[in-house]
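Residues per chain, in single letters:
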Amino acid sequence: MVSASPMIEVIDLSVSYAGKPALEQVTLEVRRNEILAVIGPANSGKTTMLNCINRMIETIPSASTSGTVKVDGHDVAEYLDPSLLRRRIGMVFPLPVGLPMTVYENVAFAPRMAGEKDRSVLDETVERCLKQSALWDEVKDRLDDLGTRLSGGQQQRLTIARALSLNPEILCLDEFSIAVDPVTTMKIEEVLKELNENMTIVVVTNLVLQAKRLAHRTALLLNGKLVEVGDNEVIFSRQTADARTFQYVQGLFG
Amino acid sequence: MNASPFATSARTATNRRVESVGKTVLAGVTALLILPLTAILGLLVIRGAPALSMEFLLEAPAAGMTAGGVFPAIVGTLWLVGVSLAVSAPVGIMAGIYLNEYARANWLTRMVNLAIVNLAGVPSIVHALFGVGVFVLFLGLGTSILSASLTLAIMTLPVIIASTKEALAAVPMAFREACWTLGATRWQTIRHVVLPNSISGILTGVILQVSRAAGETAPIMFTGAAFYLPFLPQSVQDQCMALSMHLFTVSTQVPNVPEAIPYATALVLLSVVLLVNLTAITFRSYLRRNRKW
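Protein chains in written order, with our numbering: chain A, 2 to 255; chain B, 22 to 314.
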């Protein structure tokens, strides 16, 4: 259900890399248990915005940030240890990065780092996450193989399983289907819809149709500025608030 | 114009010629390098072998260095290499980790890195003088295994730091980012992902410094290595003999030494270094088997 207080609030967020602006005064909210799609051409600041939500932006030395991001009502800057914030937010990158360890260890890594030592709990977590990411049937006999030996599509689902391993309240996916075939993409989209029952999901995507299929609402970023955010019925109609949204969605841009 | 990929053209003939000339030149240079190396080894074996025996390995020098063996020097070299690495390996590796994983890229870090590179090029005699000044005299450690080992440690540190940094930098940044995103702290990331995947490279740097610590004469000459000692060192406060120092002594300082003794000493020195390296290399390949990408 979509409840009143938003899960993520982005307020007046600006980011620049070595003085070059990447995001300018973006204000946006992500409601609880919705899927928000973020679309926009390359270099429009989509990934930068995700990086601000889990404070990964701090690991980029040239980035300077102003504005506020709140997760579950709390300013993310208030976390003394960003790890504690990051454990609440699952992240999936465009190109899957299998950690150099076994399939099992890839999924058990985050819970282990969070202090979980009980082998039976870890076993359950690994099985649950691999099932949630629709990978279990393919790898259940290969849990001790290297994660990096899986195929590209399998690795991407492995990173999704990994992102789910701490039961995050929020899942952010950055162009997850870039290295994945259409069949796997559809599988993952089904998975996301199921997860959405008790998880807030942000999907950054280059595929307008994916946003239309998957999301409840869609935001369009252009050159670091938010053009429009709204329900999919509006964004994918003729009644968009901004003419550029209509043009972009229809592929008439530029 | 696209030439047929199946017919020989002037272009492909040139390419093939360049290829074969390049290959020959590179192979030739490699052969030139191997030649002196094998010549040195061969000479050592041929000249030194007659003097090699169990007695040579297990007895002290006798009759004013003109007879007997090199046992105290072997023991002393192992002491020096062991103690100096016990200091320089942990310190160097930790400094390398800090510089690569934590230090921000500011002018201070750049200065430190520059200093490390330059220190690696300082002649060993300079390190020797530093060792005499600081460890022997100022800190009052006297001429001892400790002073000599610390001097060797200072000498080997820059290379260990530099090679540690390089090994760490070879671990893809994406691994670190994936770990941070999963809520691993910086140290957890280093401990569980970065170090396991760079340890073999780090050890390579350390291994190279074993040979250096064992082979250098100048840094230990004034700080802890003795010309001749009638007893074996009992602690790091004692002086010791060392193979490198002994080689220097028997080949230049003592008259009437049988020709085979310096050669045999050099052969033993090489073997000791090789043995220490082999141990480290075995350990490294054991670790490398766990490498996952």
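Everything labelled a hint here was simulated from the structure, so no lab data went into it. Keep in mind that the hints are not guaranteed to be accurate.
[As the list claims (entries may be wrong)] Computed Cβ-Cβ distance ranges for the label pairs, DEER-style:
id	chain 1	residue 1	chain 2	residue 2	range
1	B	Arg-212	A	Leu-85	48 to 54 Å
2	B	Thr-45	A	Gly-153	40 to 46 Å
3	B	Val-39	A	Glu-195	58 to 64 Å
4	B	Ala-28	A	Ala-19	37 to 43 Å
5	B	Pro-57	A	Asp-124	56 to 62 Å
6	B	Arg-207	A	Gln-26	30 to 36 Å
7	A	Arg-245	B	Ser-25	26 to 32 Å
8	A	Leu-85	B	Gly-161	27 to 33 Å
[What the hints assert, rightly or not] Pulled a few chain A residues facing chain B out of the computed Cβ check, cut under 10 Å:
id	residue
9	Ile-12
10	Ser-15
11	Asp-82
[Said to hold, decoys possible] Computed far set for chain A versus chain B, every beta-carbon distance over 10 Å:
id	residue
12	Arg-129
13	Thr-160
14	Lys-213
Just so you know, even glycine gets a beta-carbon here, dropped at the ideal spot from N, CA and C.
Okay, the hints, checked on the actual structure:
1. B:Arg-212 x A:Leu-85: 48 to 54 Å: violated, 18 Å
2. B:Thr-45 x A:Gly-153: 40 to 46 Å: Holds, at about 41 Å.
3. B:Val-39 x A:Glu-195: 58 to 64 Å: Taking Cβ atoms as reference, Val-39 of chain B and Glu-195 of chain A lie about 60 Å apart, which means the hint holds.
4. B:Ala-28 x A:Ala-19: 37 to 43 Å: violated, 53 Å
5. B:Pro-57 x A:Asp-124: 56 to 62 Å: Once the Cβ atoms are compared, 59 Å apart, the range 56 to 62 Å for Asp-124 of chain A and Pro-57 of chain B holds.
6. B:Arg-207 x A:Gln-26: 30 to 36 Å: holds, 31 Å
7. A:Arg-245 x B:Ser-25: 26 to 32 Å: 52 Å Cβ-Cβ, so the 26 to 32 Å window is violated.
8. A:Leu-85 x B:Gly-161: 27 to 33 Å: violated, 50 Å
9. Ile-12: For Ile-12 of chain A, the interface hint is violated, since the closest Cβ of chain B sits about 23 Å away, which is over 10 Å.
10. Ser-15: violated, 23 Å
11. Asp-82: Check passed: Cβ of Asp-82 of chain A comes within 7 Å of chain B, closer than 10 Å.
12. Arg-129: Non-interface label on Arg-129 of chain A holds, nearest chain B Cβ at 16 Å vs cutoff 10 Å.
13. Thr-160: Violated, since 8 Å does not exceed 10 Å.
14. Lys-213: Per Cβ check, Lys-213 of chain A is outside 10 Å of chain B; nearest 28 Å; holds.
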